[in-house]
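Chain by chain, the residues:
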Amino acid sequence: MKCFSRYLPYLFRPPSTILSSSCHTEADIISTVEFNHTGELLATGDKGGRVVIFQREQESKNQPHRRGEYNVYSTFQSHEPEFDYLKSLEIEEKINKIRWLPQQNAAYFLLSTNDKTVKLWKVSERGRRPEGYNLKDDDGRIRDPSTITMLRVPVLQPMDLMVEATPRRVFSNAHTYHINSISVNSDYETYMSADDLRINLWNLEITNRSFNIVDIKPANMEELTEVITAAEFHPNQCNTFVYSSSKGTIRLCDMRAAALCDKHSKFFEEPEDPSNRSFFSEIISSISDVKFSHSGRYMMTRDYLTVKVWDLNMESRPLETYQVHDYLRSKLCSLYENDCIFDKFECVWNGSDSVIMTGSYNNFFRMFDRNTKRDVTLEASRENSKPRAILKPRKVCVGGKRRKDEISVDSLDFSKKILHSAWHPSENIIAVAATNNLYIFQDKVN
Amino acid sequence: MSKMAGADGDDSLYPIAVLIDELRNEDVQLRLNSIKKLSTIALALGVERTRTELLPFLTDTIYDEDEVLLALAEQLGSFTVLVGGPEYVHCLLPPLESLATVEETVVRDKAVESLRKISHEHSPEDLEAHFEPLVKRLASGDWFTSRTSACGLFSVCYPRVSKSTKSEIRQHFRTLCSDDTPMVRRAAASKLGEFAKVLELEYVKSDLIPLFAALASDEQDSVRLLAVEACVSIAQLLPQEDLEKLVMPTLRQATEDKSWRVRYMVADKFSELQKAVGPEITENDLVPSFQNLLKDCEAEVRAAAANKVKEFCENLPADSRETIIMNSILPCVKELVSDTNQHVKSALASVIMGLSTILGKDNTIEHLLPLFLAQLKDECPEVRLNIISNLDCVNEVIGIRQLSQSLLPAIVELAEDAKWRVRLAIIEYMPLLAGQLGMEFFDEKLNSLCMAWLVDHVYAIREAATCNLMKLVERFGASWAQSTIVPKVLGMASDPNYLHRMTTLFCISALSEACGQEITTKQMLPIVLKMSEDQVANVRFNVAKSLQKIGPVLENSALQAEVRPVLEKLATDQDMDVKYFAQEAMTVLSLA
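Listed in order, the protein sequences are those of chains A and B.
Position 83 (the first sequence) corresponds to 83 in UniProt numbering; numbering is contiguous.
Position 541 (the second sequence) corresponds to 541 in UniProt numbering; numbering is contiguous.
It cannot be assumed that every hint is accurate.
[As the list claims (entries may be wrong)] With a cut-off of at most 20 angstroms between alpha-carbon atoms, the simulated PhoX-like pairs for lysine-lysine come out as follows:
1. B:Lys269 / B:Lys197
2. B:Lys258 / A:Lys266
3. B:Lys419 / A:Lys263
4. A:Lys395 / A:Lys416
5. B:Lys549 / B:Lys530
6. B:Lys136 / B:Lys163
Hints were generated in silico from the structure; no laboratory data involved.
Given these sequences and hints, build the entire structure.
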């Protein structure tokens with residue numbers, strides 16, 4: 001492996017505050033992270049069904065270094081645990097995905113989903129409240145009706161800013177299997193939700209009806225060989241979407257061609273290298289995330305060991321392949337035994353599509369600069385995060401002698417994994433979820 | 001407390017005070033009630049205070065639930081009198097403006113509707129001074145919600161403003177047609193037609209046609225498909241000689257669009273398009289387009305086109321109608337009869353019978369009849385049902401006998417379909433079929449089916465079968481009922497299955513009126529009375545219900561002598577429900 005470069009793609013400084021909950025329960029584990037379209041807001045969802053929204057501080061002259069600090073803006077319970085009595089199934093409250101809608105008025109809107117139900121939330125501010133009653137005096141005492149000789153119309157008075165989240169729509173009863181992805185179409189009128197075997201198309205205003213656009217469920221479930229692992233709409237072509245499968249392939253569909261997109265229009269697959277074939281080949285080739293680049297020209301897929309960039313115009317092989325943690329190839333057996341091999345790592349593009357980021361174990365996350373081909377491993381941890389310092393690159397030692405600041409593969413902590421992360425749409429600010437902690441790093445100022 | 005204040009009228013303030021306070025009650029229902037009585041509040045406050053206090057308060061209440069906001073938006077549309085008449089109508093603009101920017105489409109649409117309504121109450125000066133600036137503000141708003149609302153307001157203010165303002169409005173509309181967000185472009189596309197109607201023809205040609213062409217080739221499918229609708233309105237406005245140059249290129253492009261949703265829209269709007277472009281273009285252009293839509297690769301498009309077959313043929317120019325249908329349309333229709341998609345077939349089946357009136361007897365027998373017969377044998381029940389439900393069209397042209405040989409197996413098969421909803425659907429057509437096939441044919445072939453449904457294992461079918469018998473008796477008369485139906489119905493009274501015994505009671509309740517007093521008294525009543533001793537309580541309380549139902553048909557003497565003792569006995573039954581219904585029957589029949 002190439003020696004890491006001192007000239008990192010970006011210099012990230014650690015946050016002065018790490019956003020986390022003090023106690024460490026299962027419910028606090030962050031399960032999704034997403035910036036809104038302007039980057040002013042950042043939403044996280046957790047296993048307890050909560051959504052926490054952070055807002056970026058406005059720039060202030062007095063404290064220039066506080067520029068871009070994200071503070072909690074609103075917290076609400078999006079999903080509750082449920083029980084499906086017909087199927088005797090517990091439905092977890094865990095938030096699988098959050099997607100922001102483009103802003104349409106002073107309020108913000110986002111979609112959040114658990115395994116079965118997608119909800120549209122409105123997050124709005126209220127700064128005034130009405131005052132003055134007819135039947136009560138200002139202290140709240142009931143007035144004698146006979147003393148009412150004048151009608152009072154309530155007057156709005158300023159009050160402390162209140163942020164409230166209200167559920168606007170609930171899209172339910174359309175998925176038999178677990179929803180793994182939601183994606184808003186560029187027409188801003190529809191969105192899709194994908195589960196293991198089907199993809200449904202919804203109108204954002206209609207909750208009682210959705211259209212099935214992909215169905216890969218075989219008539220006989222014993223013939224099932226693959227499942228849908230992720231799906232996303234093209235950022236600007238309203239008719240195009242992709243979905244990835246557990247077999248490591250990606251299908252691109254054109255909704256113009258037919259109402260039911262069971263025939264793909266493009267099929268992306270990398271031919272298997274026979275020399276690398278092993279018992280684990282199929283498991284590690286399963287795609288855990290697929291993301292279009294902002295430009296819409298490329299897409300990126302993450303499988304267990306690599307992240308790949310594809311040109312939409314070339315189906316035969318990926319344009320670029322980056323090794324995320326190739327040193328795990330020799331440890332697949334134990335990773336299989338502790339189930340880690342089924343971890344679903346996500347991947348993200350930076351604002352200009354020149355850098356990609358994805359997670360690994362031991363609270364490490366990786367960045368790859370597509371132009372310089374440099375890459376770096378960083379660590380999200382409290383110990384490493386001295387305020388105003390610059391994040392030190394980390395290195396995993398593979399065989400041979402371990403150098404001073406290297407970590408050996410055997411001492412990696414596989415319970416600390418970075419599955420979810422997000423990149424600000426235009427600036428070099430990243431949000432990294434490490435179990436119950438959210439780290440927000442940003443490019444060094446000056 | 002004494003009502004001392006009554007004299008000076010303050011007493012009436014109390015209910016108003018409650019209404020005002022409940023505008024902010026925690027209970028949505030109470031808030032909604034108050035909003036719906038907003039005119040009462042305004043009346044009590046007087047025009048001055050309504051303008052200075054109530055409206056400012058309402059302007060800021062946009063945080064409320066949608067249903068409250070919707071009611072508010074609607075109320076404000078007829079509030080002009082309450083703010084002091086047309087002179088002050090502009091005071092209503094601020095609250096409606098804020099409602100026009102909320103995220104909920106129904107509320108926004110209602111606010112726009114109210115704004116359109118009150119725009120007519122503005123004097124030309126006020127329109128220019130207050131209304132038009134509001135439209136501009138909305139049109140250049142930061143958020144797309146306000147810009148989409150603006151699209152619906154251009155057409156109401158355009159005709160009544162000065163020349164310079166008109167040009168500004170046209171400019172605003174142009175800007176919105178090329179807005180960054182598809183939502184606004186969709187709103188603009190959907191209002192293109194109505195805006196075209198108020199525009200001077202020269203501007204339609206110089207301004208709107210380019211916008212129309214641009215929207216029709218928008219990158220978003222959802223925008224392009226709305227341009228199809230605009231096609232209809234624009235084509236209606238333009239003189240015939242301009243259509244070819246200004247509208248047809250766009251329409252042709254839409255019928256061949258890559259996206260099936262756009263082609264679907266063309267198919268769905270085909271009759272309107274046909275009327276708008278006139279007979280000549282229809283013959284030269286639309287006929288081939290329609291053929292293509294009927295052969296489209298997407299089933300949704302074929303189904304939408306199939307739905308329009310009859311209407312399209314009806315509206316063809318009379319002199320060439322038959323030739324076009326026979327040479328161009330019918331070959332496509334023939335293929336659709338064996339389409340792979342059942343929605344396409346059933347859409348076709350719902351209109352195909354209508355062609356027989358257009359083509360006349362000979363063509364129907366030669367060309368259409370084989371298609372009807374094929375569809376009557378279709379594997380999909382919906383197709384067969386749709387054919388059967390439209391039999392009347394064919395009956396008028398060739399008489400139903402031509403079909404009866406194939407009809408009967410189709411009906412029998414539907415009657416015995418495994419899906420109860422299919423059985424239910426065919427039952428509903430029975431009275432219609434009975435009317436067209438005649439009593440003799442019915443008795444011979446269909447009567448046994450009608451009786452079999454009475455013992456179906458699904459309640460909904462038994463219920464529908466009961467209702468069907470009533471309609472048949474209404475059609476064929478009481479003597480027919482006495483000879484064919486009544487004996488069978490009454491025979492079920494001693495069936496070992498209590499559900500069947502109950503069916504007897506339901507039938508009696510339904511048939512008594514149609515059968516008349518004699519049959520009811522002599523044949524039905526004794527059976528009902530006898531069943532009052534049934535060992536199943538459900539049967540007994542249904543006896544009480546039936547007696548209540550047939551009571552009015554009976555003579556008073558029978559009521560007193562026969563019904564009363566039975567009901568009295570049932571009223572002392574050990575079962576609570578039996579008691580209850582017996583007592584109820586006695587009260588209704590005035591026997592208590």
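For the pair supplied as a hint, B:Lys258 and A:Lys266, confirm whether the alpha-carbon distance does not exceed 20 angstroms. Holds, at about 17 angstroms.
Pair hint outcome, B:Lys419 versus A:Lys263 [Cα-Cα no greater than 20 angstroms]: Distance of about 31 angstroms is beyond 20 angstroms: violated.
Holds or violated: B:Lys136 with B:Lys163, Cα cutoff 20 angstroms? Roughly 16 angstroms separates the two Cα atoms, so the pair holds.
Run the distance test for B:Lys549 versus B:Lys530: straight-line Cα separation, threshold 20 angstroms. holds (17 angstroms)
Sort out whether B:Lys197 lies within 20 angstroms of B:Lys269, counting only the CA atoms. Roughly 19 angstroms between the alpha carbons, so the hint for B:Lys269 and B:Lys197 holds.
Under the criterion that the straight-line Cα-Cα distance not exceed 20 angstroms, is the pair A:Lys395, A:Lys416 satisfied? holds (16 angstroms)
When the structure is compared with the earlier hints, a violation turns up for hint 3 alone.
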